[in-house]
Structures are given as structure tokens and as C-alpha cells.
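*Asks:* Residue numbers (numbering that gives the first Met the number 0), protein chains in the order written: chain Z, 0 to 315; chain L, 0 to 562.
In case anyone wonders, no lab produced these hints; they're calculated from the structure.
Be a bit skeptical, because a hint or two may be false.
To be verified - With a Cα cut of at most 20 Å, we get these calculated EDC-like pairs of lysine to aspartate or glutamate:
hint: 1; chain 1: Z; residue 1: Lys127; chain 2: Z; residue 2: Asp167
hint: 2; chain 1: L; residue 1: Lys390; chain 2: L; residue 2: Glu328
hint: 3; chain 1: Z; residue 1: Lys127; chain 2: L; residue 2: Glu79
hint: 4; chain 1: Z; residue 1: Lys222; chain 2: Z; residue 2: Glu204
hint: 5; chain 1: L; residue 1: Lys9; chain 2: Z; residue 2: Asp167
hint: 6; chain 1: L; residue 1: Lys390; chain 2: L; residue 2: Glu331
hint: 7; chain 1: Z; residue 1: Lys136; chain 2: L; residue 2: Glu79
hint: 8; chain 1: Z; residue 1: Lys136; chain 2: Z; residue 2: Glu179
hint: 9; chain 1: Z; residue 1: Lys129; chain 2: L; residue 2: Glu79
hint: 10; chain 1: Z; residue 1: Lys129; chain 2: Z; residue 2: Asp167
hint: 11; chain 1: Z; residue 1: Lys125; chain 2: Z; residue 2: Glu175
hint: 12; chain 1: L; residue 1: Lys9; chain 2: Z; residue 2: Glu240
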Amino acid sequence: MNAPSVATHSLTRKYGSHTALNGVTLKVDPGSVYALVGPNGAGKTTLIQLLMNLQPATSGAAELLGMPSRQIRGAALNHVGYVSGSQSMPDWMTVRAMLDYLRPFYPTWDRLLEAQLMRDFGLSPKPKLKQLSRGMKTKVAFIGALSYRPALLVLDEPFTGLDPLTRDELIQGLLERIGETTLFLSSHDLAEIESLASHVGYLEEGSLLFSEEMTTLSNRFRKIEFAVDPASMPPPTLPPEWMEFERAGSLVRFTHSQFATEEETQAQIERLLPTAGEVAFSPMSLRSIFLTSARAHRSGRAQFDAAAGSISGGKA
Amino acid sequence: MNQIIHIFRKDTRRCWPEILLSVATIAALICAYPLRWSVLPAPSLGAESDLNMNTALLCTGLAALVVVSWAVLVSRIVHEENLVGNNHFWLTRPYEWKSLLAAKWLFLAVYLYLPLVVAQWLLLDIAGLSSRSAIPGLLFNVLLITGFLVLPLVAVAAITGNFFRMAFALLGAGLVGVGVVVAITLPGYSNGHNNTWNRIVLLATDNLAAPAHSLTSTGHHKQLLFALLFAAVCGAIVLLQYARRQTRVCWLALLALPIAIAMGGMVRAHYALSGQALIDHDYPTVSESAAPIELSPAIDTKNQLTVFRGYNDAETPIAGVGIPLHVSEIAEGTALVIDHQRVTIEAADGFRWSTDVGGIPLERHILPGKRTRDDIYRPRAFFEIPYEIYKRVHTGPVTVRITLAMTQLQAVNSVRVTMPTREVTVPGLGICEVETVGYGAMQCRRALREPEITYVSASGWSNTPCVDPQSSIQLTQVNPWMGLLDREPAEFGIVPIQFVQASYSWPYQNPWGGTAHLCPGAQVTFTQYKFEGRMQVNFTIPDLYLPPENPASNIDHSDGRSL
């Protein structure tokens, strides 16, 4: 069995008393497209910089392509591509000079692919990088990272600040590489990774809340609505997988984070709320799943307690 | 190797304006520097001085510009692959750090060292000093420049993010250095010279044990030691930063370097506050009978024991005492240079008082035959004692002990030259020329370092300027020594040419009593000496009565005002 393209074990990074990354453990299989999402300041860039050996971990370990991340330097980078929206570039070079300069570093550089990407992205080789827009610079960075066909491509917020057209062009370029290259990308914009990712991890305040396949994630989250007798008494505690539980008059609404089947869920509801009427199940968008998870994480168990209190008090 | 060349070529394309600037600055220095010896003598001393000063300022300014252009060059190539921060594109590319570092050094070798060595060789050639024997010196100078300049610049560039931060760091380091020197020096000056604080300063700066003048100093030997120390620390910083990018650790190491040097000096000062201890370390004591000279008091009607009253720099009343001495002849071929003197006075009641180490030597240098003019010029053991001490001891007989710390030299060869109106090549010394106006001084230029210590004697001293007989310039004695004892093949410098002068000393040491000009046509003998050894000798003068102070000669020693 192939080694995972990316693996972390209790990876932690502290800056003084501030914990930027708190015991993150994840695994990315070869050939997958892993999207690391989370709000600004969640620790996505820190995690990627630890993976790329751009800074040391406080504790824990990480591996890329089976190598400890602290050894990711020199020749090891022949197999790893990296593009970051915040990475500085040699702006004094022209596009051609930049690619000419990079080419000899990589034994596997594919000039045909480079030429194809230049065409696909509509890039001219003549202008200096400092004359290019942010989107055009990102395209150059993509060509510089894709042309040697790396086994792993790490992208840190690659689409931030790009117009939709450029973003689509780049995503298209990535989609064509899927299979031969494992993608590990971070983003705080769910829409830009939804069409791309096969796996997703959600980082919140340095902690990885979940990390799984997109289809699994979509399948286990459901929006649930039903009516109850307004006079009915709620159970003293709610299951932890019932997130954002709220009640408006007789209408009860919550998000089920461990949804398996409608029958099983309906039975659980009837057991806890015997006056419940017909239950409606709605699939959730990725955006809704993340927002629900983030809010639940931030409010913690208090939300559930408050929700339980609202039921007992008949609060809307 | 491919990666080294690849990065080197990229840096060359990137930095060609800075390369041009650096080479142009060095070229300007090559063009301007010969003015220092090729300017025709000006018609008057003032104009000549201005011209010389302007030329010297121009050359110093250009040399400083060369250093600035190097700083810019180093910053550009190091910051091209910036080692500070995590968002530089090269960090995620398959650079081998050893290749990257090698590429940077290749760049420096080609665009900094090569132009420097070529410029130095050209300058030696223009100065008429080039020879194969200069090659070791040039290489040694490259080593010093690496230790004192290039490696520190690379180290600071490696731990800063851009040129302005690098310049700020260098400026800050310079200001801190100046501040520390001022802070420890000013109290020393304001409190007078003979105090503990001043001695700590001297010890910390490693100057106390060194002779009072540079003639027999071996302090320059330490330039290699310090260059190696700087190179070791800065080299370690550069290696660590390129291999591991440990910026914080590197900053600490860089800051620790001057602190360690200062602490070393201060610790040394702490454990050796007695100047005598350091003198004892460098100058083994020999008995009076084994000493190469004998001292005895020689007080007569012409040469009387004198005492005057005055004030020292700290405005403390002092009594200046001058004891005429007879100094014996010394062996042929031997020369003695008195580096330090200490005088101890013991009164009959057991009271004892000593001067500080240093003081005013009775005579800087003693050579065979000089005592033949003892009748008209007699050396004096001169020292200052606090006035209250003088008042206490002058009523009875005292025993005076004079401790002389001396360097003994031995003549190795001698060359006699008739001075032409223009330049003459003196073997072992360089290319020499006598000023025909002004002070009539002799100036020699030489490759890379000062010559071996050389005594200059002439048969054609003139009491008037060789031209311009109307000159009212009052000249004094020529200091006949040139060169240093140091054995290092070069002194640190961008320019590989050293100037030495037969310069002038103070009037009271003038054995001829008037002006002295060395004129073209004079027969000048250059005697080269080698280091023979160092020693300290104690001479005792018993039963000496210090006379009443002489009001006619009372002076304020600090500013020369009469009392």
C-alpha cells in the first residue's frame, strides 16, 4: 500500500502562549484532492508551512510523500509543488526568464506541458512579473509548479483575490492534473473548492474538527425539521450530534451531524420527543455544514444546554 | 556544480548595475590614489597641506564608497534568496543550500575579490611596488578583508530581510560601538590619566601593555587573531542561516561577538588592574648588572635636578621632577627603545610612593654613540608627583628607583643612500622622497605593510629649509625610526600601499636644539633592526635631595599656562 501523500500526527505549533495549531492529525491518500478549509486565522497557512518545512513544529510530526517534513528541502522539493497567494516572486524576471530559471532545477520538467499551460492560461512570456496582475502572477506560479509534474501539489489560498474567470481557468488546469498529482489546498472560500475536492478537513482555532471524504461528509449532515406539541416537555439533554437545535412555536429545527438513515433518525426523534410529527430531511450544502460546525465549535456545549433550556421553557 | 553556476548566472543578470557601481568605485580609487604621491610640491606649506589633505580625503572617501558598494552588492545577492521570512519563492524550490551558498561566494569571488585584487595589483604597479613578493601579502589582506568586512556583511545580510534593515543594523552596531567607546573613554579623560577607570579603559582596549608609542608595538599581530575570530563567528552564522535559517539564534550569536570581546577586555582589566602586572608579563626583569645600559645620576652645574610646580589634566597640583642622568654606552649594533617608565620614591621614614606605569620615558631610544653629546644634552628621568607628596618628601633624602621597560633591537643590515631631488628606492623600505618645501620630511611608500623597524640617520641635516630660506617654520627633531616590529605580511586595508614618514617629535627631545631638514643630496643611512628581546631593569639612586621648586619654570602642565 502506498504511503499517504500527507500525514500529520498531533502536529502542534505555538507562538509564545498562542497556540496556532493544536494537535492536528490527518492523512491524505495519493491521488486525492484534499481541501483544508476554515476561517481566517484558523491555522491553515501554519499547517501548510509546517508541511513545507518553512517553520518547525512545536511538537508532533508531519510527513510528505513518506518523508519527515523537516527533510523537505533541496532535492525532496523535486516532487512537491507549492503555490501560495502570499509568496513573493522574483518580480524583476520576465515570465520566460522565470520559467527558464526554474527549469534546470527539475529533472522531470515537461516543456510540452509548460507550453500547453502557457497557452491554456493565455500568458505572454515577455512581460516582467512586476508588470503582471495578481491573477497572471498566480498563473505563472501554477505553471512553475505544475510543469515538473510533482507527486504532491500544496496550494495555500491559491485563489484568494482572483476574479472568477481566472479562478476557473486555474481550477480547470488543476482538474486536468488530478490522478497524477495529489492536491492539498487550503481556502477560506468554500465555493472555490466544492467543485474540486474529494476530501475535506475543517480547521477551527487551530483544531481539526473533521477530516473526511466529501461524499461522507455530505451524507452525514442533514437539516431536520418537524412539528411538536407546544406543551410537550423536551428531554433533559440532547444528543451531541444534534447541532443548532432551535424551536419556534411548535416547529423544531436542528442539524444532524451523524445522519445515517431517515428511519433510524426518525426513531431517535420519536424516542426523545414523542409528540413529534412528520420529519423533513434536507441535504446541506458544504457551506452550511461548515458554518454549522464552526458555530457549534465556538459556542460549545453551552449552545446545546441553551437549546435544551429553550425547549423546557417553550422558548422560540 | 550546475546549480552553483545557474544561480551565479542569475545573480549576475540581476545585479549588473551593482557590479558596475562597485567596479567603477574601485576604478575611481585606482585613478585617484596615485595623487597621494604624484602631486607636485606646492609653493607653500599651507597650500601643500591643503592639497595633501584634500587628496587624502578624496582617497579615504573613495575607499569608504568601495565598502558601501560592497555592502550594496552583498545585500543584493544575499537578499535575492532571502533567508528571513517564510514567503520567498526559492524556499519551496529544490535549492541545495550548499550550492546556494557556494554560488554566493562564487559571485563575491568574481565581482568583489577579483576586482579588488586586480585593483590592488594595479595600484602597486602604478606605485612602482609590484613584485611577486607582494602576492602573499595581497592574499593575507584578502583574508583580513574577509574577516573584518565581507563575512560580517554577509552575516548581517543573512539575518536581515532587506538592505535598509541591514544598513540599519550596521549603523546601529556602529553607533553602539561609538557609544561604548565614548562612554568608557570620556570619564577617563575627564578624571585625568592616572586613575583606575582610565586604566580599565586602556586594559579593555588592550593598550596598556603595549608600548607608549607604536614603534615597538606588536598590537598589529592581533589583527589576524581578530580577523579569524570575526571570520569564525560570522562564518558560523552564515552557515547556520543557510543550512537551518535560525535567524534568532544567529542574531544572538552576532550580538554576543562584541559583547564577548568587551567582556574579555573587562575581565582582563579586572584581573590585571595593576599596570605593573602586565608589564611584568611582557618584560622579564633582569638585574642591573645584566642590563645592556647603566643609569647613574649626573647632576652638575649645567644639568641640575629641577622641580617645577604645575597642574595635571585633572587640575590637581603636581610637582614635575627632572633628574639628569648619565646613560652608559651600549653595544655596537644594539638599540634600546624605552617603552615604559616607572619611578618609585622612598623617604627615610619608610614612606613610599610610585608613579603610574607609563609616564614620560627618559628617552625613547638609545643607540651607540649618542652619549657622545652628553655634555650638551643629558637625558632626564622626568616624572610628576602630587604636590602634597613632594611637600612631604622634599625635606629629607629620598631613594629613587627607576624601572625601565625596554625593547632591545639588533641591527641586521644597513643601506646608505644619497637623497635625490625626487624619488629613490630604498631596499627594504620602499620608495622614498624628501619634501623640498615645508618640513623637509622624508616619506616612503611601501606595499601592504610598514617596513621592518628601521633607523634613519643622515649626514646632511640642515637647520633651514632646503628651499624657501625665508620660511619662519620652527622645526624640531626628526623621529628617526620608521616601520614596525610586526611580522604580518599585510595590514588590513582596501588600498595596499602604506606610507611611512620620518616625522617630528617634541622640542625638549631635540638634541640639536634647532630646526632640522633633510635635503636632497644628504647621505642617509637606513639601518634595519630585528627584535632581540624585552626586559625591565630597576636602577636605584640613593640619597637624593629634591630641591625647592623653581618658580621660573612653574607651568600648568595641562595647558602650558604659567603659574
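*Asks:* Among all the numbered hints in the text so far, which are the ones the structure does not match?
*Replies:* Going through the list in order, the structure violates hints 1, 2, 4, 5, 6, 8, 10, 11, 12 and respects the others.
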